[in-house]
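With the hints as a guide, dock the two chains, each given alone in a separate frame, to form the complex.
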Amino acid sequence: MARTDVQLMLDVKAGDEASFELLLHRYRTPLVNFLYRMVRNREQAEDLAQEVFLRVYRAREDYVPSAKFTTWLFRIATNLALNSVRDNRYHKLEVSIDAPVTADAEDGDERMLDVPEKTPNIEQHLVEDARKKMIRHAIEKLPEKQRAAVLLHKYQELDYAEIAKILSCSESALKSLLFRAYESLRVELAPLVAQQARNQG
Amino acid sequence: MSCERMESRILGYVDGRLKESEKQEVEKHLAACAPCRVRVEEFRAVSGLLDELPVIEPSPEFDARVRALVAAEPVKQSWWAWLHVSPRVAFAASMLLLATIWLGYYERPPQPALPWNNTQIADEQMMQDLPVLEDHDVLANFEPLKELPPPVQNDDTPDTQKEM
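So the sequences go chain by chain: E and X. Numbering follows my numbering, in which position 96 of the first sequence is assigned residue number 92; successive positions increment by one, without gaps. Take any residue in the second sequence, note its place counting from 1, add 4, and you have its number in my numbering.
Just chain X, same shape as in the assembly (with noise of 0.2 Å):
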């Protein structure tokens, strides 16, 4: 092995973190290299004297901080979270919802017949409004068609609606 080979090794030796087989690669050459002998003295007492620096404990107030930090955290309700919350509300709206859906469905009034689904009964119709729809007078005396603003005139509008 070579001094920077070394470099990666030998912290983990100091350590004491490398495998039984690096180990023993490292103390090869260590066996062999004044140099990284001492300069693994060196970090051995490197790390010792980081040892020494003393560790301080958190103010006593600390954890209270922290809970005010979380008390004051919004509480995040997903849209399913109120099922969670009172179940019974949740299954007496979901009994209602489906009561709605099936009275919706067998309550339906049967559907008249539409005429014009019809082409016998569509004739039929409209030979029975045509007498009305002739009838001129019917029309033009037809009291809520007079509240109606007047027509725009034109040269096109038929002789009767001028008179009117």
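Pulled out of the complex, with its shape left as it was, chain E reads as follows (with noise of 0.2 Å):
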């Protein structure tokens, strides 16, 4: 039977490095694709990521499981991607006046991702290339602190509780972020809504 998170956090306290590459295997790849949802940058997102995996190891010692482990790991992961949300928006503003017009490079990276080696209809491609790219565009335009609560509630599945702890805000607090977030997405989203709608209908 697998152990839990906490189990495994304890026997990292207790000493066990083993148990901290079960974690490391268990949260790198949501942490990795929260992070790279936040901050828009996968090199960022990934430094980020090692970050919260070191913060983890380094309070090993004093740990006490009085919460979720996905709840602790997620509220480093959020402060952590808030903080350089907010320092990359300072950096883009001093160096945005000069600074010439390129494409934007992680849609390329991501779209190298997507994009299989033969592609048996380009157009059709290229029309999910756009529709991905307007859907990130969407989230990317969301406050920072409702980004965190739609990436932790759709993508990462926590509960209410969990998420409210993470953002240090009460539930129904949460609801109203959640709620006013989603709206901003209909709206913002709006052709792409009315197909999905016609075609859940």
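It is worth saying that the hints were derived from the structure and are not from the lab. Given the structure is predicted, the values throughout are model-derived calculations rather than measurements. Even for Gly, the Cβ is constructed at its ideal location relative to N, Cα and C. All clues given are correct.
Simulated restraints on C-beta separations:
(1) Cys37(X) with Tyr59(E): 40 to 50 Å
(2) Val79(X) with Pro61(E): 18 to 28 Å
(3) Leu18(E) with Tyr109(X): 52 to 62 Å
(4) Ala38(X) with Val2(E): 40 to 50 Å
Derived EDC-like pairs (lysine to aspartate or glutamate); straight-line CA-CA distance at most 20 Å:
(5) Lys129(E) with Glu184(E)
(6) Lys137(E) with Glu56(X)
(7) Lys23(X) with Glu153(E)
(8) Lys128(E) with Asp55(X)
(9) Lys32(X) with Glu8(X)
(10) Lys129(E) with Glu56(X)
(11) Lys23(X) with Glu167(E)
(12) Lys137(E) with Asp55(X)
(13) Lys128(E) with Glu56(X)
(14) Lys129(E) with Glu61(X)
(15) Lys27(X) with Asp155(E)
(16) Lys141(E) with Glu11(X)
(17) Lys64(E) with Glu167(E)
(18) Lys9(E) with Glu57(E)
(19) Lys27(X) with Glu167(E)
(20) Lys128(E) with Glu61(X)
(21) Lys129(E) with Asp55(X)
(22) Lys9(E) with Glu77(X)
(23) Lys32(X) with Asp19(X)
(24) Lys23(X) with Asp155(E)
What follows is the structure, encoded as structure tokens:
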């Protein structure tokens, strides 16, 4: 039977390095994806995810299983991501005046991952690509806290109580945050939403 | 239920996270409210669109980088950690400490009776020393005293010292 996250962390605390490896293996992909969708830069997302694991390791001796492990883990990740987004915003303000207009490197990066080597229908692929880009940009346009709430709710499938703890707010405030985020996404993605609603109906 | 109250439940309804009683309450409202029905459909569509984003995999070097960061962490050793590292050394050191304390306690030489603890002995000692103290020549010609710097001269200095 697989050990729980808390049991693994307690084993790490007791000096078992192999348990840390298991936690790394279990959470590296969810963390990198969460951070990538928060900061929109793959390299930076990986750096931040590494920092999350390092902080978990550093805190092992003081670890007390008072909350779910994922709550603690994503709280560290969210705080790092929010700080990074704020730092990036100031950095972008500084460099944007003289910066030449270039293609979004991150879109290109992700496109490379999505495109199969032999695409049967290029036109169809371009349509799908534009659709994904639109969705990504709609998420990116959300205020940081709303974005974090949506990502934790939708992709990590954490419950409301956990997300509220991660974002340091009440559950009712979280529900309001999520409602406003979905409202913004609904408006931003209106053409796709109408199409999707027709398909679902 | 009002449309405003739906705001806190609509997403839970779309995701199937509501309790049965809450779900029934929402469905009752939806049956009578067309705008909320549309909103539910649109939120469901948004949720479906979010599912379309691909999952990325960490780079192949990711794990190695984390391991390197962890390996570079300084090893925290508590003051007592050496006990775990070498129990034999710790045992030997403890035995040595105990032996030192034991020897120190039992091998202590008997303390001589101090003269000032006994009035009679103290008086006798004083009477024995009295001739020496009174022997002015002994004191005046005491060799070590001659090497000392001369005392400061003042009016209260006894004549004997002035002659020296």
